[in-house]
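Single-letter residue listing:
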Amino acid sequence: MSVLGKLDWSAIPIDQPIPLAAGGGAIALMLAALGWVTVKGHWPYLWREWITSVDHKRIGVMYVVLALAMLVRGFIDAIMMRTHQALTVGGGSGYLPPEHFNQIFSAHGTIMIFFGAMPFMVGLMNFVVPLQLGVRDVAFPRLNSTAFWLTASGALLVNLSLVLGEFARTGWLPYAPLSERSYSPGVGVDYYLWAVQIGGVGTLMAGINIVTTIVKTRAPGMGYLRMPMFCWTALCASMLIVAAFPILTATLTMLTLDRYLGFHFFTNAAGGSPMMFVNLIWAWGHPEVYILILPAFGVFSEVIATFSGKPLFGYRSMVAATLFITVVSFMVWLHHFFTMGAGANVNAAFGIATSIIAVGTGVKIYNWLFTMYGGRLRFPTPMLWSLGFLFTFIIGGMTGVLLAVPAADFILHNSLFLVAHFHNVIVSGTVFGAIAGYTFWFPKAFGFTLDERWGKRAFWLSLAGFVIVFGALYIAGLEGMTRRLQHVAVAQWGPLLYVSVAGVAVMIAGVAAQITQLVVSIRRRDALRDDTGDPWEGRSLEWATPSPPPAFNFATLPEVGGEEPYWRIKERAIASQQERSASDYEPITMPRRSATGFVTAFFATVIGFAMVWQIWWLAALGLVCAYGAFVAFAWRDENEDTFSAEEVARIERARRGAAA
Amino acid sequence: MSGPSGTEQGDAADAPPGEERLDAREFGGGLKSYLTGLLLAALLTGLSFLVLDVPFVWGPAVPMALIVLAVAQMGVHLVFFLHVTTGPDDTNNVLALAFGVLVCALVLFGSIWIMDHLARGTMVEAAPAEEVGAPR
Amino acid sequence: MSAAEAQEDPYVLGRGRGGADAAGEGRGGDDARPSGRGEGGPAPKRTVVGYGFWIYLLSDIILFAGFFAAYAVLSGDLAGGPGPQELFEQRRLALETAALLISSFTCGLAGIAAGRGAMLRTQGWLLVTGLLGAVFLGLEVQEFATLVAEGAGPQRSAFLSAFFALVGLHGLHIAAGLLWAGTMMAQLAVKGFRPAIERRLMCFALFWHALDIVWVGIFTVVYLLGLAG
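Residue numbers (the numbering used here), protein chains in the order written: chain A, 32 to 691; chain B, 1137 to 1272; chain C, 16 to 244.
Wrong hints could be hidden among the right ones.
From the derived model, a few chain C residues whose C-beta atoms are all more than 12 Å from chain B [claimed, not checked]:
| no. | residue |
| --- | --- |
| 1 | 162 |
| 2 | 186 |
| 3 | 203 |
| 4 | 209 |
| 5 | 212 |
As a list, the in silico SDA-like pairs of lysine to any residue whose alpha-carbon atoms are at most 20 Å apart [unchecked claim]:
| no. | chain 1 | residue 1 | chain 2 | residue 2 |
| --- | --- | --- | --- | --- |
| 6 | C | 60 | A | 587 |
| 7 | A | 487 | A | 544 |
| 8 | C | 206 | A | 668 |
| 9 | C | 60 | A | 618 |
| 10 | C | 60 | A | 672 |
| 11 | A | 71 | A | 59 |
| 12 | B | 1168 | B | 1210 |
| 13 | C | 60 | C | 211 |
| 14 | C | 206 | A | 664 |
| 15 | B | 1168 | C | 131 |
| 16 | C | 206 | C | 135 |
| 17 | A | 341 | A | 401 |
| 18 | C | 60 | A | 667 |
| 19 | C | 206 | A | 666 |
| 20 | A | 487 | A | 423 |
| 21 | C | 60 | A | 623 |
| 22 | A | 487 | A | 543 |
| 23 | C | 206 | A | 665 |
| 24 | B | 1168 | B | 1214 |
| 25 | C | 60 | A | 670 |
| 26 | C | 60 | A | 668 |
| 27 | A | 487 | A | 549 |
| 28 | C | 60 | A | 168 |
| 29 | B | 1168 | B | 1180 |
| 30 | C | 60 | A | 625 |
| 31 | A | 487 | A | 556 |
| 32 | A | 487 | A | 553 |
| 33 | C | 60 | A | 173 |
| 34 | C | 60 | A | 664 |
| 35 | C | 60 | A | 665 |
Just so you know, these hints were derived from the structure itself, not from any lab. No residue lacks a Cβ here, since even glycine has one placed at the ideal position from N, Cα and C.
Please model the complete structure; the sequences and the hints are all you need to start from.
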């Protein structure tokens, strides 16, 4: 074995034009961006204000930027899959060779779930939760930064596989024994393992941080049952992260041991049990679904209440439903493998549990409807996304209940009906929720609203495209088409696939409109500027701060009194802050910026890369350096900055002055 | 201190997990807790080993006895070493613990149940070990 | 150490909410000390750090639960290889268990000494804790080496894979704990008792005690149940 392990020139896919072009394009884009930053001399600013920032708002924004980039990457994969399949109908060979097609559907799922949807949700939680709780920061700011950079490092490793080596060909969950060394000897599965493990550790850190923030640091008077709904869903989603991600870590570690050291957890030989992999991975996988959807539910609760001009209907039942979903989500995982061969009793038990968990979501749907009932409705973009969610998600939920019946699942398992179902809940649930939250809170983060015209265009195009794509796939699934087909031999499915490609075209237009919205808004930012800090007539504490909020969020911690609607809390919070004279301010201590997260993630990337290519000395070196850095960071004494009372007063006056 | 009305000291103390609160100022008090824990844990551990060795425990009952002893010892560790109590100042810690234990139990017993059913349903026999030392 | 810092719990469930919550209204907003009536503002740092670490420990325990589940399912799959009764040695197990249990106790003593600000005793008990942990680790390495030498390595059968992974994971945690304890002792010696270091000591104690609880599970489920057949 050479110094560079398995790494040599053959790792670069010179013979495959598509990944080479894509990878080359991505590298060119990155170099261009880096070059621009260098030429403009933005590095010190980026390093000080963003890369080493431990401000939860900055970190939240970085999460969302990463997520948006990864969503686009995953979307490109999706476009390739749809068009390729349509081209292979009727004897065509398409443009993706089988091994490449398999990598694409694996990368699509991995990227969308781990590095698109999850960071988006974690980013929103990071940005919004402390503001809604009325506090100055999260519980563990440096851990927060580390969590983000580890997630970014995982994303980097996945995308690196585009130009160096290959990605897994096993699907987004590397089912054994296909993912074992004997059947997948390449580095693809290794890339998957290390990227997801590193990203998973980051996610776990983020989850711990958010749980602790919500349970232990809230504004005075903010009891559990006075928290905004989004905080509740963030708490439950983070509890799910804390409880579920270790199972993923354990499972992938076992697979890693199988692959690297010849263990026999999931092998065919020597008593290993491939089915155990399926069992364990879904014990994580099902809670994961709710990790994705619960924060989105929180976003919809906030958005619908705000734009109905009413408090959320049935707040306590909403809390109860969220907690119910949190617990029951750990009791349904077998419905992902009804067909594996467990007996009728097991299937029946998990089928019933799966049907029951829909009740919690049903409660929520009715609560949203009743919130709107009799309300003073407005329909800006975030509200449109929420309404689009309500209509489409109900379809997705009902097909889910259909699949929860084991007998039906035996027919529909691994069909495009299933694919359409889970896209129906994840796209119209999580992604619509993410975009709704992005549009809703964007003015809070940057001080100007997003362009409404392009936002509405993006919504209608995405909604229409989405319905066309997955409506067609539902039917194709019912007609018997299975998922992950590199070649479509049944001509009868052709028309449906063509329809779905047409839908993809509409969705591309939707995504383009979404990007245009951002560009147009940035260029028109002076016209769109929001000086009030409350562009939507919001109902929770984040709208009581200026936009963008100062580093310390609240010059004086708001006092939350009574179980009144947040409306009143907000009004009081604004009033009480505006009345203050300079003498009322006190010095505020905030954590100092720190390179801990970035350095940790750098070494994590090195270790991950070295392990993928089996460059053992580099992995060991990375580990030692990581430990050294860790000790060095732990050794420091001063890690807080203090804003003096005068400075606080000055910043506040400047912000408020702009508002007045 | 743990009284719900908290008349004497105002309110219950907020405590990080693992903190010995009642006797934190008393060296003897803290020591007593750890000593009790050590003794009980040693006793239960000893009993576990004993159950295995002595002939007069009915064979089929041994596994159950071992599990009961282990659960008891975990409880001893939680109470005397980690100072988990039922006091109101510990509610958040205990709730989190309960959730964690629930998830552990679901994963553990769920997996055993599912895989056992599967094994019986499909009559999977352990594959012969011809590939021992598996390909690297 | 916590006496001065002992603060009221603002987050007790079932109390201090609702109409009777007069304290929340009447209290001054800039009062740094929480009222303890359900919603008293951010908790002190020590509580926050302790709770966060507690949550991490729960995730760690669930990690072990995954390996326990794998062991429980695969422990019968010997693939014709040796089983628990031929491999496990009760005497070494008893030594390992004793070392770990006593180290958990001495770790508690270190905590008490740190609470009283007694540097020498804190360092001493931490050292004893670490040494006992090292003894445990040594015994475990010896056991692994013996098994591998007997041809009962993790590649032999699914049972042995699950065994080595579960017990090895625990051993890895112990090793990490030793590294942590050593680093912390150095830090303590150089910097003395600071709030940040005291918080780390508290977290270390939680970590060490939790590992002992996991070991109770391992020696019962893996070793004793294995020996019981």
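A quick look at each hint next to the structure:
Residue placement check: residue 162 of chain C keeps its beta carbon more than 12 Å from all beta carbons of chain B (closest about 15 Å). Residue placement check: residue 186 of chain C keeps its beta carbon more than 12 Å from all beta carbons of chain B (closest about 19 Å). Every C-beta of chain B lies more than 12 Å from that of residue 203 of chain C, the closest at about 18 Å, which supports listing it as non-interface. With a least CB separation of 17 Å from chain B, residue 209 of chain C remains clear of the 12 Å interface cut-off, as annotated.
Listed as a non-interface residue, residue 212 of chain C keeps its Cβ farther than 12 Å from every Cβ of chain B; the least gap is roughly 15 Å. Using a Cα cut-off of 20 Å, the hinted pair residue 60 of chain C and residue 587 of chain A holds, with the two alpha carbons roughly 19 Å apart. Our distance criterion of 20 Å between C-alpha atoms is met by residue 487 of chain A and residue 544 of chain A, whose separation comes to about 9 Å. Distance check on the hinted pair: residue 206 of chain C and residue 668 of chain A sit about 9 Å apart at the alpha-carbon level, within 20 Å; holds.
Proposed proximity of residue 60 of chain C and residue 618 of chain A is supported: the alpha carbons are some 18 Å apart, at most 20 Å. Straight-line distance between C-alpha atoms of residue 60 of chain C and residue 672 of chain A comes to about 16 Å, which keeps the hinted pair within the 20 Å bound. For a cut-off of 20 Å, the pair hint linking residue 71 of chain A to residue 59 of chain A stands: about 18 Å separates their Cα positions. Proposed proximity of residue 1168 of chain B and residue 1210 of chain B is supported: the alpha carbons are some 18 Å apart, at most 20 Å.
With a CA separation close to 9 Å, the supplied pair residue 60 of chain C and residue 211 of chain C stays within the 20 Å bound. For the hint linking residue 206 of chain C to residue 664 of chain A, the alpha-carbon distance of about 14 Å falls within 20 Å, and the restraint holds. Restraint check for residue 1168 of chain B and residue 131 of chain C: the C-alpha separation of about 16 Å stays at or below 20 Å, so the hint holds. For the hint linking residue 206 of chain C to residue 135 of chain C, the alpha-carbon distance of about 14 Å falls within 20 Å, and the restraint holds.
Among the hinted pairs, residue 341 of chain A with residue 401 of chain A is consistent with the structure: their alpha-carbon atoms are about 10 Å apart, no more than 20 Å. Restraint check: the Cα-Cα separation between residue 60 of chain C and residue 667 of chain A comes to about 18 Å, which is no more than 20 Å; the hinted pair holds. The hinted pair formed by residue 206 of chain C and residue 666 of chain A meets the criterion: a straight-line CA distance of about 9 Å does not exceed 20 Å. Between residue 487 of chain A and residue 423 of chain A the CA atoms are separated by roughly 17 Å; this keeps the pair inside 20 Å, and the hint holds.
Restraint check for residue 60 of chain C and residue 623 of chain A: satisfied, since their Cα atoms lie roughly 16 Å apart, inside the 20 Å limit. The suggested pairing of residue 487 of chain A with residue 543 of chain A holds, with an alpha-carbon distance near 12 Å, which does not exceed 20 Å. Of the pairs offered as hints, the one joining residue 206 of chain C and residue 665 of chain A holds, with about 12 Å between alpha carbons and a cut-off of 20 Å not exceeded. Between residue 1168 of chain B and residue 1214 of chain B the alpha-carbon distance is near 15 Å, which keeps this suggested pair within the 20 Å criterion.
At most 20 Å may separate the alpha-carbon atoms for a hinted pair to count; residue 60 of chain C and residue 670 of chain A meet this at roughly 14 Å. For a cut-off of 20 Å, the pair hint linking residue 60 of chain C to residue 668 of chain A stands: about 16 Å separates their Cα positions. Annotation: proposed proximity of residue 487 of chain A to residue 549 of chain A holds, straight-line Cα distance about 13 Å (limit 20 Å). Restraint check: the Cα-Cα separation between residue 60 of chain C and residue 168 of chain A comes to about 12 Å, which is no more than 20 Å; the hinted pair holds.
Of the pairs offered as hints, the one joining residue 1168 of chain B and residue 1180 of chain B holds, with about 18 Å between alpha carbons and a cut-off of 20 Å not exceeded. Distance check on the hinted pair: residue 60 of chain C and residue 625 of chain A sit about 19 Å apart at the alpha-carbon level, within 20 Å; holds. For the hint linking residue 487 of chain A to residue 556 of chain A, the alpha-carbon distance of about 18 Å falls within 20 Å, and the restraint holds. With a C-alpha separation of about 17 Å, the suggested pair residue 487 of chain A and residue 553 of chain A falls inside the 20 Å cut-off, and the hint holds.
For the hint linking residue 60 of chain C to residue 173 of chain A, the alpha-carbon distance of about 14 Å falls within 20 Å, and the restraint holds. Among the hinted pairs, residue 60 of chain C with residue 664 of chain A is consistent with the structure: their alpha-carbon atoms are about 19 Å apart, no more than 20 Å. Restraint check: the Cα-Cα separation between residue 60 of chain C and residue 665 of chain A comes to about 17 Å, which is no more than 20 Å; the hinted pair holds.
In this structure, every one of the numbered hints holds.
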